[in-house]
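Residues per chain are reported as follows:
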Amino acid sequence: MKLPLADLPLGQSARITSIDCERHLSRRLMEMGLLPGTPVRVVRVAPLGDPIELRVRNYALSLRRAEAANIAVSSEETA
Amino acid sequence: MSGNAAPAQVLIAGNPNCGKSTLFNALSGGSAHVGNYPGVTVDRTSARLRLGAREVQLVDVPGMYSLTAGSPEEQLAVNALIEGQTRAVICVVDATTLQRGLYLALQLIESGVSVVVALNMMDSAESLGLRIDTGRLSQLFGAPVVPVVATKRRGLDALLAALDKEIGGGSGAERVEVAYPPRLEADVAKLIPVVAQWRPETAPSQTRAFALWCLLSLGEDTLRGIPDDVRRAVHEIREAAKAQGRNIDLEIISARYAWLDDALGEVCSAQERGPSWSERIDRVLTHPVAGLVVFSAVMLGMFEALFAGAEPLIAAIESFTGLIQTQATMVLPPGVLQDLVVEGIIAGVGNVIVFAPQILMLFLFVGFLEDSGYLARVAFVIDRVMKGVGLHGKAFVPLLSGFACAIPAVMATRTIERRRDRLVTMLALPLMSCSARLPVYILVVGTVFAGQSLGWFSAGAVALFSMYTLSVLVTLAAAAVIGRTVLPGPAPTFVLEMPPYRWPSAQILWINAWRRLRVFLVDAGTIILAMTILLWALLSFPKSADIADHYAEERERIEQTEASEIDRAEALRSLDSQEAAEQLGYSLGGRFGHAIEPALRPIGFDWQIGVGIIGAFAAREVFISTLGVVFGLGEADEENIPLRQALRDARHADGTPVMTPLSGISLMVFFLLACQCMSTLAVVRRESGSWKWPLFLFSYMTALAYMASLAVYQGGQLLGFG
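Residue numbers (the numbering used here), protein chains in the order written: chain A, 194 to 272; chain B, 5 to 726.
One chain only, chain A, in its complex shape (with noise of 0.2 Å):
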């Protein structure tokens, strides 16, 4: 199942399908290791609600809701 990496739930573990940020950002996350392919799970969110914050590639990452809007995954769990 595709969706939104915004909308992926807590703790629940998917497969980056494509980012599609503005190419500066886009650029940037994918110098950071997260590739079509590469697994990334939502470990928490901050107490305002955002932004979020990722795991993957071995570290912690925190982006905006509106940046991870842009990024679409595939639920491991469906597929």
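Source of the hints: derived by calculation from the structure; they are not laboratory data.
Glycine residues also receive a C-beta, built at the ideal position from the N, C-alpha and C atoms.
Where hints are given, some of them may not hold.
What the hints assert, rightly or not - Simulated DEER-style distance windows between Cβ atoms:
no., chain 1, residue 1, chain 2, residue 2, range
1, A, G204, B, P186, 38 to 48 Å
2, A, L196, B, L317, 17 to 27 Å
3, B, P546, A, L241, 35 to 45 Å
4, A, L241, B, E224, 25 to 35 Å
5, A, A259, B, A57, 48 to 58 Å
Based on the hints, put chain B in the right spot on chain A.
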């Protein structure tokens, strides 16, 4: 840089939070020189390093995830790499986030420069159950890989030996070649001749790496010094690829990561593990309730340290300055030279070092937050609020520090990554009501609201509370407006690594805070000193001989007439104060105060307050001592009863009182909003790298202050107050 022939240069590069600065300090022993990279306001920290028989210059390059650049600040790493004197790069990689760190190492090795990979935090990696075959990794890369633990100084000798060997010619190992897709190779082949024409002296392998860099970096960038034909060629290639539905960025980056994934599958074995203690801490520190409680407590602690903790030190510096001034007054003969030394130079130096306690304290605190990893969590917790006004979560700490003093707060903006976000923050935060404004509020409140109350509260308390609330609202509004008008640009993106919690090293905190202080003392300090002297001259010259003669006669008369010793001393002191007031009125500054009075009347001030405002430019609290002189009272502070009385008794030419509750509010609003602080301007000049931004800051804040005071005073009069 230095005058002698450029020494061999070794760059030390790595991801943010990889322990790069720790390694730099471990290698350099803390003796470093802080300068600036040409053209950008990024600190360039360098140190001499003995390496076998040779001496090299070790340069700490700012933390980065890749060489790819979109702005001049990101470009400086590439520029440093292609500088002729750069002989090698130490690429520091956090062994616990191996892939991401090695991505940068791979890019560096591809670029053709000599690279030594320092695999840092090997102890953490091992305790996480990670085993890394560094020998095999070294073979695959074709570059030495040395395991180190920078905090414990482990592996440094092996690292230096490997570096020495690389500079001496290297092992001749074959460098890694990443296999890019054939279509991309064809694109690179098309670009190589154009790049070769631009940089004819470059070796072919480097030209290829440079072509890849251009493909990935150019387009929608603000890079400098790229020839148009290179830009054109890149644009054409990218457009053609796009037409075929290809994404060149993705092709380059994923080919590199694919190579890394393969290589690491071979050299690295990991065991499954439970949540680390860092994750457990985060469950509390970013918890919806506990997280906010801890956050508030930490911020309150910082605030307390800046406000109250620095107070005794500041007082000590001020009384020490006073002591030196007294000594100088006794040693030097009275006259212009004495005044210059006492009120210009010593006061100026005092004006500079008085900031030292708060700068040291804020940087020790921010350094602790940053090195421990909590600063990233501060940004994470508060970003939702900051986003609303177009700021980055990391702007919070500088903004909050602005309540204490704008000088260290402006310097703290350097934790914000992007230049535009940093500028927006530093242009808005001087509107936060800093501690130097408080004496002015207290004087005004004590003068016009003494003993009055509004319901349950004293009128003064309500006025003070309103000032602080107003300052927060105006600061946030200014950030939002500046970010949309003067510095438009994409809203800050919040892509922030949450590093694992680590216990910071006290030595490194101290070294870094001390370096920041030294930069302030040297760069901003000279400007502050010069402006203090200028301001002194403005309020001292020209001197009127007539006034001096008149008071000399008066003194003589008193010497002869007054009977008792005490009466005589009292009368003479009062004469001195009156003379100082008259001379101040005669000086350029005093005349300027008279000249701008027509502009000050509509906001409820007279020329005397005008002179006070001019004097306050040295520092806001100087407003009070200047007023003391203007009213012929000699020295005065905000609790001074005669000064309050003199202010209450002051009358406009038509006999109406100058200080009414309404003009008092107008004066407080003016001081809240006006940029009455040359030190802020000096530090913004240093941190922004140009006079353009301090000029803008001064103009917009002064205009805002005037208009707000005008609205308060005129609006209040229309409504029948004052």
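inquiry  = Range first: 35 to 45 Å. Now tell me if the beta carbons of P546(B) and L241(A) are that far apart.
reply    = Hint violated: Cβ distance 60 Å, outside 35 to 45 Å.
- Cβ separation of L241(A) and E224(B), checked against the hinted range 25 to 35 Å: 31 Å, holds
Quiz item: If you check the beta carbons of G204(A) and P186(B), does the distance land in 38 to 48 Å?
Solution: Given range 38 to 48 Å: holds, Cβ gap about 41 Å.
(request) May I ask you to test the hint 48 to 58 Å on the CB atoms belonging to A259(A) and A57(B)? (result) 56 Å, holds
| message | Holds or violated: the 17 to 27 Å window for the beta-carbon distance between L196(A) and L317(B)? | response | 55 Å, violated
Taken one by one, the earlier hints fail for this structure at numbers 2, 3, listed in ascending order.
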